[in-house]
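Asker: Here is how the chains run, residue by residue.
Number of protein chains: 2
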Amino acid sequence: MTARILIVEDELAIREMLTFVLEQHGYTTVAAEDYDSALDMLTEPYPDLVLLDWMFPGGSGIQLAKRLRQDEFTRHIPIIMLTARGEEEDKVRGLEVGADDFITKPFSPKELVARIKAVMRRSAPTCLEDPIDVQGLQLDPVSHRVTVGDQVLDMGPTEFRLLHFFMTHQERVYSREQLLDNVWGTNVYVEDRTVDVHIRRLRKAVTHSGHDRLIQTVRGAGYRFSTRL
Amino acid sequence: MTARILIVEDELAIREMLTFVLEQHGYTTVAAEDYDSALDMLTEPYPDLVLLDWMFPGGSGIQLAKRLRQDEFTRHIPIIMLTARGEEEDKVRGLEVGADDFITKPFSPKELVARIKAVMRRSAPTCLEDPIDVQGLQLDPVSHRVTVGDQVLDMGPTEFRLLHFFMTHQERVYSREQLLDNVWGTNVYVEDRTVDVHIRRLRKAVTHSGHDRLIQTVRGAGYRFSTRL
DNA sequence: ACTTTTATGACATTAATATGAAACACCAAG
DNA sequence: CTTGGTGTTTCATATTAATGTCATAAAAGT
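Chains as they are written, first to last, in the UniProt record's numbering: chain S, 1 to 229; chain P, 1 to 229.
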C-alpha cells in the first residue's frame, strides 16, 4: 500500500529533494511547480496527502488549500504546509483553511517522514468512499453524483454534502445547529434558518423520484433522514 | 438555561459593550477588569464560558487561560480570546494554551454571539439517551420517535416530552403542577387544566395499541404512568 | 341527587416551518 | 477591472402545526 503524495513546490532543488526522500521511503510522488499544474494533478488517482509550499507562483498555498477543502473529492485529503521560519501568522490562516500540519524550513528528512506518517495516521479513518443506496436513491462520493436508476439528480454542493451526511446518519434527529456543525463545518457563522432553505432545495432535487419523504421535519427538534413513516 | 459568561477585559468601554450585547441575547454576565478579580469570580457558580482579553492589567490572558486549564473545576470551561488585529502570532500560543476560539477586534455583535454559540455547542456533552421500552411501547430520544412494533405513533412535541417524562418516571403520581414543572419547565405560566388536554392528546396517540391504560388518572392527585392495575 | 373532579371537542392564538425572491459572495472568463 | 454565472445566505411572507383556554359532557365520590 504505497501512499501517493503530491508535492507542490516551486523551487526545483527542494522539489527534487522531497521527491528523493519520499520515494526512498516507499512513497509514490507526483510534483507540481505551480498552481495550475497542481490542479491538473488533483484528479484520479487522487493523492493521499499534499505537501504544499506556502508561497509559489500562480497562487498561494492558501488558495490551493481552500480549493481542496471546497471540493467534495479532495475535502478529506490531508495537507501539510511548508513554511519559512517566521511566517507564524501564516500558520493561523493555514489552520483556518484546514491544513493538518506545518513543517518549517529547513527541516530534516527524518522530521518530514515522521510528520507525514503522523498526519496520515490521524486521518487514517478516511471515510469509506463507498456508494450509498437508500431505497433506490444512490449517492456515490467518488463520482460525486446522486442518481435514481439511470437518472442523474442535479443539486448544489451544499445539498450534496447535506444528503451525504443524512444518508450516513439515518434515523436520527439533528437540530439546525448540529447540521451546521456537521455539514457546513465549525467556524462558520450562518443563521439557523439557512438550513431550512437548503433542506428545501434538497427536497426539491429528490422530489421527482419521491425520495423527499425520506427527509423529515421534526417539529421543534430539527430534521431527520429516515426510511420509516 | 441562561448561560453565565465571564468577561475579562480591562477597557471599560469594551467591557460595557460586551455586557450589553450579551445580556441583550439572554446571557447572564459577570465582568472582571483584571487578573485578580477574574480569579475571584472563578468560583461557584462557575461561568459556562470565559471571554478573555489577550492583554490586561495584572497578568496576560494566556496566564489566566493556563490557570483555568490546570484546575480540575475549570478545566472544561470554554475560552474565547479577544485579540487585537495583527496579534496573529498570539493565536498560535493561545491555541496551545487551550483557547477554544479567537475573536479579532473589532468585531460585530453578530459574530460575537455566533462564535459563543458555536463554542458552547461544541463543548456541550452529547448526552445520548437510550431508547425506552415499556410493554412494546418504544420511545427513542435519538430519532425522536415513538413506535409500537413497526408502527410509528404521531404526536406533538409536548406530548412527546410528557411521554418521555412518564416513561422515565414510572409508578409514581405527579400533580398537574409537578408535571408542568417537569415537562413544560419551571416559571411557565400555564393553567393546571392544560395538562388534562395534553394527557388527553397523549392518550389518543397511544390508544390504538392499547397503551393508553398505562397513563392513569389518580383522582384528586394527578396522573401516573404505571404498568400495574 | 348533588358536588367535585376529570374528559373531551372546538377554537383562537401563537409558534415553527416552508417557500420565493432578493442580496450577496466568489470565481473564472473576457 | 469588469462581467456573467453559480451557489449561498438572508429576508419577507405564506403556510402549517402546536398550544392553551374554554364550555360542556361525563364520571366519580358523597
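These aren't lab readings, by the way, just hints derived from the structure by calculation. Cβ atoms here follow ideal geometry from the backbone N, Cα and C, with glycine treated the same way. Be aware that one or more of the hints could be misleading.
[Said to hold, decoys possible] Simulated restraints, written as ranges between beta carbons of each label pair:
#1 F165/S <-> R201/P: 48 to 58 angstroms
#2 F165/S <-> H169/P: 51 to 61 angstroms
#3 P109/P <-> G185/S: 15 to 25 angstroms
#4 D150/P <-> G220/S: 35 to 45 angstroms
#5 G136/P <-> G136/S: 27 to 37 angstroms
#6 M55/P <-> G136/S: 58 to 68 angstroms
#7 D150/P <-> D34/S: 57 to 67 angstroms
#8 E23/S <-> E11/P: 52 to 62 angstroms
#9 D34/S <-> E129/P: 51 to 61 angstroms
#10 G220/S <-> R200/P: 17 to 27 angstroms
#11 S175/P <-> H208/S: 46 to 56 angstroms
Asker: Each of the hints needs a verdict: does it hold here or not?
Answerer: Hints, verified against the model:
Checking the proposed 48 to 58 angstroms range against F165/S and R201/P shows it is violated: the Cβ atoms sit about 33 angstroms from each other. Checked against the hint of 51 to 61 angstroms, the C-beta distance between F165/S and H169/P comes to roughly 34 angstroms, which is inconsistent with it. The beta-carbon spacing between P109/P and G185/S, approximately 23 angstroms, falls within the hinted interval of 15 to 25 angstroms. Between D150/P and G220/S the CB atoms are about 24 angstroms apart, so this pair departs from the stated range of 35 to 45 angstroms.
The hinted range of 27 to 37 angstroms is satisfied by G136/P and G136/S, whose Cβ atoms lie roughly 31 angstroms apart. Remark: the range hint 58 to 68 angstroms for M55/P to G136/S is upheld by a beta-carbon distance near 60 angstroms. Distance hint check for D150/P and D34/S: the Cβ-Cβ separation is about 59 angstroms, which falls inside the suggested range of 57 to 67 angstroms. Taking 52 to 62 angstroms as the suggested C-beta distance range, the pair E23/S and E11/P conforms, at roughly 56 angstroms.
Separated by about 53 angstroms at the C-beta atoms, D34/S and E129/P satisfy the suggested range of 51 to 61 angstroms. Here the CB-CB span from G220/S to R200/P is close to 20 angstroms, well matched to the stated 17 to 27 angstroms. Remark: the range hint 46 to 56 angstroms for S175/P to H208/S is upheld by a beta-carbon distance near 53 angstroms.
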